[in-house]
Amino acid sequence: MTEPCLNSAEKKFVEMLKKEDNPPLYDLSPEDARIFLKNLQRKHYKEIEADTRDINIFTPIGGNVDIRVIRPKNNHEKLPAILYVHGGGWILGDKEVYDMPSKKLADETNSVVIFVDYTKSPEAKYPTALNQIYGVLMYITENHDEFNIFQDKIAIAGDSAGGNMAAATAIRAKKENGPKIASQVLIYPVTDADMNSKSYDDFKNGPWLTKKAMEWFFNAYISNQKQQNDIYVSPLKADIEDLKGLPPALIITDENDILRDEGEAYARKLDAAGVDTMSVRINGTFHDFFMLNALADTASAKGAMLLVSSFLQKALH
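When the letters of the sequence shown are read in order and numbered with the working numbering, they come out as residues 98 to 414.
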């Protein structure tokens, strides 16, 4: 165990949670855990102007999928697109929970964010959500005029479990000669289902994401232990050959996070495969700092958004 080293704003957030004395997520039903996260986000919500529309599309590989299309306010120009895959351990999160960060991402990058509201676990098991995400990627590429986006300027981004599926989608698109992805942004991604890194030992009890929570998430997502070794579940297990030719990557990790080491290990493996990769660790913060509304105004979150937006601006504009 390592004592977390937190910035003052992050400390206040952790202290607030301790005072509320909420039960761990893994002791709740999936539905109650979803309600907890929604209520937490609503408590710290600030409206961000953007043009949004919610639609349902049909994809041959993923069936019917709900997506939210987010454009910068009053911008009707043809723009690049960012396919965003949200986190939440495959169980939590949706377009409401991610309303603030997804709108901010569209505004900061001057791009159209296509937010995939995939079917969550345990209601849907692997690879259902992954098929939906890949199906949406194919759909928006083929039907780019419907969204007024550039066909050759589509990036993929995701955080946590969403970072896991974004990484997997990038690998899959390459292996299956699918749509060309311009760049990938992986924010504190899950890359290894073995859960045996040093950071797992150091931060197994938090300060936010815990090892028990990750065990709960994986048990909901995959059907058996054998699937842990699938490269679309554990991208870190992909061979160098699988990673060669992947789009340029930005990987952001954070200091006090069980997922820190595997995210950085994946960045090193991408680099070894010849992928143009930038890896940045944000100190003083913890898992989910990028998406939590309560931390949106912290130096950590604002700095990470600046990194993400500048990386995507360069890749897409």
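Quick caveat, the hints were computed from the structure, so don't treat them as lab data. Keep in mind that the hints are not guaranteed to be accurate.
Stated by the list, open to error - In silico lysine-lysine, DSBU-like type, Cα no more than 35 Å apart, as pairs:
hint : residue 1 : residue 2
1    : 308       : 170
2    : 399       : 115
3    : 175       : 308
4    : 135       : 109
5    : 334       : 308
6    : 411       : 334
7    : 271       : 399
8    : 175       : 108
9    : 170       : 115
10   : 323       : 411
11   : 222       : 399
As the list claims (entries may be wrong) - DEER-style ranges, computed between Cβ atoms:
hint : residue 1 : residue 2 : range
12   : 373       : 240       : 24 to 32 Å
13   : 148       : 309       : 39 to 47 Å
14   : 338       : 205       : 29 to 37 Å
15   : 155       : 245       : 14 to 22 Å
16   : 239       : 114       : 38 to 46 Å
17   : 221       : 117       : 25 to 33 Å
18   : 240       : 170       : 17 to 25 Å
Virtual Cβ for every residue (Gly too), placed ideally from N, Cα, C.
Restraint check for residue 175 with residue 308, where alpha carbons must lie at most 35 Å apart: Not satisfied, since the Cα-Cα distance of roughly 43 Å exceeds 35 Å.
Hint consistency between residue 170 and residue 115 [alpha-carbon to alpha-carbon, up to 35 Å]: 38 Å, violated
35 Å limit on alpha-carbon distance, applied to hinted pair residue 399 and residue 115: 25 Å, holds
Cβ distance range 38 to 46 Å for residue 239 and residue 114, holds or violated: Cβ of residue 239 to Cβ of residue 114: about 44 Å, so the range 38 to 46 Å holds.
Consistency of beta-carbon spacing, residue 309 to residue 148, with hint 39 to 47 Å: 41 Å, holds
Verdict for residue 373, residue 240 (Cβ pair) under range 24 to 32 Å: Roughly 29 Å apart at Cβ, these two residues keep to the hinted range, so it holds.
Restraint status (C-alpha distance of residue 175 to residue 108 at most 35 Å): Violated - the C-alpha atoms of residue 108 and residue 175 are around 42 Å apart, more than 35 Å.
Range hint compliance [Cβ, residue 338 to residue 205, 29 to 37 Å]: Distance hint for residue 338, residue 205 holds at roughly 35 Å.
Cβ distance range 25 to 33 Å for residue 221 and residue 117, holds or violated: Taking Cβ atoms as reference, residue 221 and residue 117 lie about 30 Å apart, which means the hint holds.
Assessment of proposed distance window 14 to 22 Å (beta carbons of residue 155, residue 245): 20 Å, holds
35 Å limit on alpha-carbon distance, applied to hinted pair residue 323 and residue 411: Given pair residue 323, residue 411 is violated - Cα atoms ~39 Å apart, limit 35 Å.
Satisfaction of the hinted span 17 to 25 Å by the C-beta atoms belonging to residue 240 and residue 170: Cβ of residue 240 to Cβ of residue 170: about 23 Å, so the range 17 to 25 Å holds.
Comparing the model with each numbered hint stated earlier shows that hints 1, 3, 8, 9 and 10 do not hold.
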